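These protein sequences, in sequence, are chains A and B.
As numbered in the UniProt record's numbering, residues 1 to 423 make up the first sequence, in order.
As numbered in the UniProt record's numbering, residues 1 to 349 make up the second sequence, in order.
These are calculated hints, taken from the structure and not from any lab test.
What you are looking at is a predicted structure, and each value in this text was computed from that prediction instead of being measured.
Idealized CB from N, CA, C, for every residue including glycine.
Check before you lean on any hint, since a few could be wrong.
Estimated spans, in silico, between C-beta atoms of each pair [as the list claims (entries may be wrong)]:
#1 A:D241 <-> B:V214: 44 to 52 Å
#2 B:W165 <-> A:K96: 42 to 50 Å
#3 B:R199 <-> A:S246: 53 to 61 Å
#4 A:A192 <-> B:R296: 46 to 54 Å
#5 B:V137 <-> A:V296: 29 to 37 Å
#6 B:L327 <-> A:K333: 36 to 44 Å
#7 B:H93 <-> A:Q327: 48 to 56 Å
#8 B:H190 <-> A:K96: 53 to 61 Å
#9 A:S245 <-> B:S212: 52 to 60 Å
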Amino acid sequence: MFLPTPWSDALRLFTRNLALAAGTASLLLLAACGRGSDATGSAGTDPGITDTTVKIGTSQPLSGPLAAIGEATVAAAQAYFAHVNAQGGVKMADGKTRKIEYLYYDDAYDPAKSVQNYQRLVHQDEVFAVFHPLGTGPNQAIMARANADKVPHLFTHAGGAQFSDRAKNPWTIGWGPTPDSEGEAYGKYLAAQNKPITVAVLRQNDDLGQGYLNGLEQGIAGSQVEIVKIATYGRTDSTVDSQISSLAGTKADVLFMAVVLPPLMISGIKHAGTLGWSPDIYMANNTSDITGVLKVGKLTDLRTLYSASFIKAADDPQWKDDPGVAQYLDRIKSFPKALGNLVNGEIAYGEAQTMVAALQQTKAPTRQALMDAVHSLKGDSISDVLLPGVTLDSTDPTAPPVHGHVVQHFDGESWVAREGGDE
Amino acid sequence: MTRVAQEGWRGGLAKLTARRTTRWVLGAVAAAVLVAIPFNASPYTNLQLALVIALAVSLRGMDVLTGHAGQVTLGQSAFFGIGAYSGGYGFAHGWPAPLSFLLAVVLCVIAGVIVAIPAVRLRGFAFGVITLALPVVMAPLAIRLDWLTGGPVGLAVTTVQAPAWSGLADDQWQYLLVLAVGAVMFLLAHNLLAGRVGRALTLIRTSEIAASSVGIPVQRYKVLAFTVAAAYGGVGGWLYLTAVHYIGVDSLALTLSISMLVALVVGGVRSPLGCVIGAAFYILVPNITDKATPGRSALFFGVALLIVLFVVPSGLSGALRAGWSRLLASPRPATPAAAPPSAEQHASA
């Protein structure tokens, strides 16, 4: 091979001290191996829990584009734990009452930072369990380590089915239903109409968007409902107008907006309107909240909006006298960042309630005992922000604890439940 | 510059540090400390130190191109990503570690040469903008090639594991591996820059016209510097993956490239120590500030950056050097021969 002068020069220079370097490196490694017996061993008792406190920690995006969601998630969990601690703490099944210490670090939605936060929480702060990290990537990165370390990785604030697969990752469990099951709820609802319906789909170009689509396809299998066109967008896209235009060409009866970014959800729906296309629009639950999406986007006049939910949205007037929602709104008063994203805040509140319920049933101060309790959670009293008809049951080893979606129609003020939904 | 012997402890210290044996002893002590750290530190500390070394390797490559050859690059995170994905793919498919390491280097060298040959014809801003295209293309490409990269979710893998005979925990072993590879990379860079190549790059930085007038093939040297930077970026990325066990597009945002350039400037260009300090600044400062007020780490990072740039524009390593020579220089005017430059004298008042 032809080597120009600088290259041969470089090669020669590079290799000048190579033998020396290799020698030094291997000497250093040998030295390291000599001290191998000093390697730290694990202690006999489980860290993060004393007779009076139990420490849990999380990693959230507190800076960057998802900061508002991360802050709402932290604030709502803080609100519930503060309430529990104000009552003296959580009375666990071993007879001791412990206060909850809740630690959180910023990962800016960078999974590599989530890993660092995990290491910091588990090996430095020595938390008892890792609680509701946000996002698919961050949880994916944490899951392998948590299962290797046998550290409970509980109630992921991410819906992926992989987080509730007990055979593969026994120390990890999700919370809210998967995107697959949400898509399936829409599919079943449409199929139950028992007439030919055409559906156009706009989804995110990742596993989340694929999950919604898979669920929809499962739900409509064997029915007269037909998917006529699928378009995708990327998480960093600033508009979906061209996708909407191309979908509008199908004149489909239904537009499934499996879009999880509020600005794109709003601009997409508006663009469909400007094209003279007025399908029934099925909005992903993530981005269908009244305050943050419908009111901000001035979509409240539309009567064609549907969404499937599992929580009683705190900003929906129909729940304003509901004791669970009223208590939630009361408790987050001292943690106003929870208002920054009501849906995620309320989900985090439900996760915190589930966490406390799991601790109440933990029979010994060990991580294994906590996992046993987590895996046997069942009952309507665990969280009071779930919609009627939605159940919490963590005994199924292949599904997240929260089961069921209620398909709702927006009537101008409230999301009203429709018959024929899932479960 | 050789320092004139001075009276008192300052002179003694100066003489001592100028001696070859002293440097060897100091180097050996530093190496021993670095090797000893993982045995007393938590897995969290080991992970952080490994990340600092991985990033420092990447910065060292950037330093060859940006610091020595004077070509500002914003593309380093792309090579970092190629290295990390090579490692991720290799580990996910059960390849032996050296194979994926080799793949990381080879891919980055090839990509580096391909990009460098047209890019080096441009100068200044235009060159920087061309390199900016690399990380911009990187993320969507990684999402498209999901069979290779795990798509938007990324790859979570088990990397190098400590062999049973060593009795070490995986994090300790990984730290030592990263340290050893990092040390070799720093030595190689030192070798490269100490001789003719280093001089040629310096001349290209100061005046391309002068360089070509004395017969230095400017373009070829620039391609060389770019390729070295790419290879170092790849090695850094591979080391990073080995420590973190995860690579995804969320970790490879455009801001990573910019942060690398910032870290290099903060640490100080044309200095191996500067690369390490810059990497430590990037990795450790947010973690420290995050302890105080979670979510405000970017703010503190920015403030710290401004302070560094205003107070010590030559970077932290430059500040250390200046501080050291001020310590050695006698404050009395009796020895004007050894007086440091006036700026430092002024600051010491």
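Check your understanding: Among all the numbered hints in the text so far, which are the ones the structure does not match?
Key -> 1, 6
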